[in-house]
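Here is how the chains run, residue by residue.
Number of protein chains: 2
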Amino acid sequence: MLDLAKRVYDHSFRIDPIVRSLLDTDFYKLLMAQTILRRHPQVSATFGITNRTARVRIADEVDEGLLREQLDHARSLRLSKGEVTWLRGNVFRGQGRILGPEFVSWFENFRLPEYELATRDGQYELTFHGPWVETTMWEVPALAILNELRARSVLRGLGKLTLQVLYARAMTRVWEKIERLQRLPDLSIADFGTRRRHGFLWQDWCVQAMAEGLGEPRFLGTSNCLIAARREVEPVGTNAHELPMVYAALAPDDAALAHAPYAVLGDWQEDYAGNLRIVLPDTYGTTGFLANAPDWVADWTGIRIDSKDPIEGGEEAIRFWQDHGRDPRDKLAIFSDGLDIAEIERIHARFHGRMRIGYGWGTLLTNDFRGLMPDGRLDPISVVCKVMDANGHPTVKLSDNPTKAQGPSDEVARYRRVFGVGDQATMPVVV
Amino acid sequence: MLDLAKRVYDHSFRIDPIVRSLLDTDFYKLLMAQTILRRHPQVSATFGITNRTARVRIADEVDEGLLREQLDHARSLRLSKGEVTWLRGNVFRGQGRILGPEFVSWFENFRLPEYELATRDGQYELTFHGPWVETTMWEVPALAILNELRARSVLRGLGKLTLQVLYARAMTRVWEKIERLQRLPDLSIADFGTRRRHGFLWQDWCVQAMAEGLGEPRFLGTSNCLIAARREVEPVGTNAHELPMVYAALAPDDAALAHAPYAVLGDWQEDYAGNLRIVLPDTYGTTGFLANAPDWVADWTGIRIDSKDPIEGGEEAIRFWQDHGRDPRDKLAIFSDGLDIAEIERIHARFHGRMRIGYGWGTLLTNDFRGLMPDGRLDPISVVCKVMDANGHPTVKLSDNPTKAQGPSDEVARYRRVFGVGDQATMPVVV
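Quick mapping for you: the protein sequence lines, in order, are chains A and B.
Residues 41 to 471 (this note's numbering) make up the first sequence, in order.
Residues 41 to 471 (this note's numbering) make up the second sequence, in order.
It is worth saying that the hints were derived from the structure and are not from the lab.
There could be a bad hint or two in this list.
Because identical chains cannot be distinguished in the list, a pair is counted as satisfied if it fits within a single copy or across any two copies.
Calculated cross-link-like contacts (lysine to any residue; reagent style SDA-like; alpha-carbon spacing at most 25 Å) [to be verified]:
| no. | residue 1 | residue 2 |
| --- | --- | --- |
| 1 | Lys200 | Leu254 |
| 2 | Lys200 | Met41 |
| 3 | Lys121 | Thr75 |
| 4 | Lys200 | Leu260 |
Full structure from sequences and hints, please.
Pasting the structure below:
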């Protein structure tokens with residue numbers, strides 16, 4: 041039956057917006073923003089996009105006008121009343137609001153700040169200058185917009201049935217992965233795929249598939265706040281590299297620099313009253329981080345293993361807890377680096393029963409369109425949005441994988457010295 | 041946007057009808073009905089359902105009440121004005137109506153006649169008694185209803201995403217077959233899958249996929265009139281076994297019996313003015329039929345190969361044309377028996393360039409859900425609706441495959457003698 045009102049209303053759309061809500065972002069951005077707002081409201085930080093998949097010339101594929109339209113639309117967004125209610129309603133185990141009133145009222149008035157867009161050598165230079173607490177909020181929507189615009193450009197002009205079969209293939213692929221996941225004992229897995237997703241609706245489908253195919257408690261939830269709210273699953277996440285990177289950039293001397301990663305943890309456990317205690321140890325090398333960690337770091341719930349070979353990283357975590365007299369079986373390792381089903385199975389076979397395991401499954405959950413278009417034109421790319429400087433000081437990341445390192449070379453050298461990072465194994469960055 | 045009117049209207053549905061139009065049938069039923077109406081309006085005939093896949097107890101799977109509701113709903117259907125217009129508008133190569141005014145005005149007043157339904161040993165005994173021209177019209181809707189009800193019963197209670205993935209898998213499977221078809225030179229293929237389809241909407245999807253994936257002239261059209269009308273593709277079909285079976289049953293003596301299959305062709309070429317001349321030679325054995333055929337049978341456009349091994353049947357057709365001094369490259373062989381992609385490729389490799397080839401692709405186009413549910417519960421079954429008697433005389437079918445033979449054993453013996461049918465190779469009936 042023709043819904044005349046709908047048809048006429050639809051004609052009034054100026055664009056088909058990719059990001060339609062400020063909640064269409066990862067939960068950990070809000071958690072980090074709350075800490076930034078509380079402790080570092082005056083710090084300014086620049087964020088910038090880097091496409092590590094240099095062979096894909098995004099600026100040739102994605103029209104600049106369309107990109108500006110989408111970014112401008114994202115800047116027009118404000119939280120709705122219902123979204124604020126949802127934010128306030130999230131609590132730790134039934135008590136204690138995760139996001140306090142100061143942060144929520146700041147967020148209620150928030151709009152995404154300005155952006156700068158230039159093109160160089162087939163790539164977009166998209167940068168965000170301003171207060172850290174504001175620029176940090178661009179990371180996820182900027183990446184989601186770029187990735188979805190690229191997919192739209194590749195798919196433009198395909199036939200209706202061809203498109204339907206393309207999605208049928210992608211759905212079948214996701215479901216076959218879920219069927220393999222069903223066989224893993226004591227599985228705990230979450231969607232971490234917002235930033236590199238094929239598109240919002242596709243991520244939303246993937247979350248529903250995980251919810252139906254795995255159910256609770258195996259499917260823990262999603263990092264995407266909007267989808268968590270709509271699908272009534274848990275929003276999940278803790279913190280990311282930008283915290284130690286900015287803390288390090290602001291350190292006045294080498295001693296403060298060496299201490300910076302632990303200072304982050306100290307602030308975090310205070311801000312979240314002992315909740316959300318997942319260590320992300322690899323910003324300046326996991327081995328050194330663990331070797332020099334104060335004993336209380338071993339009290340944290342778990343460790344996220346994000347850039348080292350996961351088997352090596354998992355064994356290292358177990359040794360760390362054992363060395364500190366903790367039982368690894370009480371501890372949680374969260375794997376989140378370029379996961380796909382075979383990798384998850386490999387990790388599970390190795391570690392199940394030896395410690396608690398969680399998976400943060402990103403790009404190859406929400407954007408596994410590999411091979412579904414000729415020449416891999418729909419394959420996901422490794423595009424990131426990272427903090428570049430803080431109060432004018434360049435930021436540095438070493439990671440456990442030199443391919444993911446970032447920063448001016450003299451600063452990288454200094455950080456390697458301060459954190460005692462020697463040779464590292466290079467691993468290809470899948471996504 | 042909520043379409044209130046639609047929601048309220050939807051609440052008024054009593055059932056979800058499977059057959060929603062008298063055009064939701066195969067084109068050749070109308071062509072045959074026109075000849076029956078013109079030449080044999082007084083002949084009565086009984087049609088009945090047989091499930092050759094005895095291991096599937098349809099009556100245990102499909103509720104009798106639901107079956108009656110669907111059959112009753114089909115009986116309530118009448119042609120709409122637009123459907124009549126479509127029927128009148130079908131012409132041979134731009135001139136000459138395929139369906140004449142007498143038939144169309146009969147069809148405008150037509151309703152499906154009564155049915156008789158009983159259950160025996162886990163199978164439905166569904167029979168239709170009455171004038172041949174009326175009972176013949178039940179074949180396709182009765183089969184489509186049974187098959188779709190079975191699918192609905194198997195799928196009841198599955199989750200939304202599980203269902204979506206099931207269809208995603210089936211779509212991918214169809215599309216991969218179409219991609220293989222794209223590689224066959226001079227392909228000409230049509231959908232013949234109405235009666236054993238998974239469901240109407242699924243057949244409709246398959247036709248759209250064939251149209252988009254192959255296009256004209258490779259995709260010739262569909263046997264389903266309703267889908268042909270809606271999707272603006274050609275309706276295709278000529279005639280079936282029921283014509284020689286009834287002509288044979290009505291033959292007063294052995295001489296008339298031996299002549300019956302050729303009498304059918306004589307009437308047919310008169311009724312269709314030399315169009316639609318595809319011989320279906322296997323009702324009482326292809327070899328004898330061709331050996332005894334008058335020379336003018338070799339003037340017909342082509343032969344449909346429906347129950348013999350297709351390679352053997354194709355070679356036999358070529359020999360027949362050669363023996364009669366016709367060039368097989370001017371002739372058309374239509375393969376229509378249990379086809380699937382590998383079989384089509386095998387036939388094409390053998391005969392391409394040696395004669396014109398057409399494929400009538402049925403069940404494994406519109407109902408290839410094999411293996412998509414545990415225990416093959418969604419696999420297609422070989423259920424048929426055949427004419428059982430004419431004016432009280434039992435009908436007989438021998439076919440080239442004894443598995444498909446039908447009739448009382450004394451009559452079968454008589455027919456075998458009259459048509460000189462010796463030993464035949466038994467082949468499993470796939471679908």
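Status of each hint after checking the structure:
Taking the closest pair of Cα atoms, Lys200 and Leu254 come within 25 Å of each other only across two copies (14 Å); inside a single copy the shortest separation is 31 Å, beyond that limit. For a Cα distance limit of 25 Å, the shortest separation of Lys200 from Met41 qualifies both inside one copy, at 21 Å, and across copies, at 23 Å. When the C-alpha separation of Lys121 and Thr75 is checked against a cutoff of 25 Å, the pair qualifies only within one copy, where the shortest distance is 23 Å, while the shortest distance between copies is 70 Å. In this assembly of identical chains, Lys200 and Leu260 lie within 25 Å of each other by CA distance solely across copies; the values are 20 Å between and 35 Å within a copy.
Going through the hint list in order, the structure satisfies each hint without exception.
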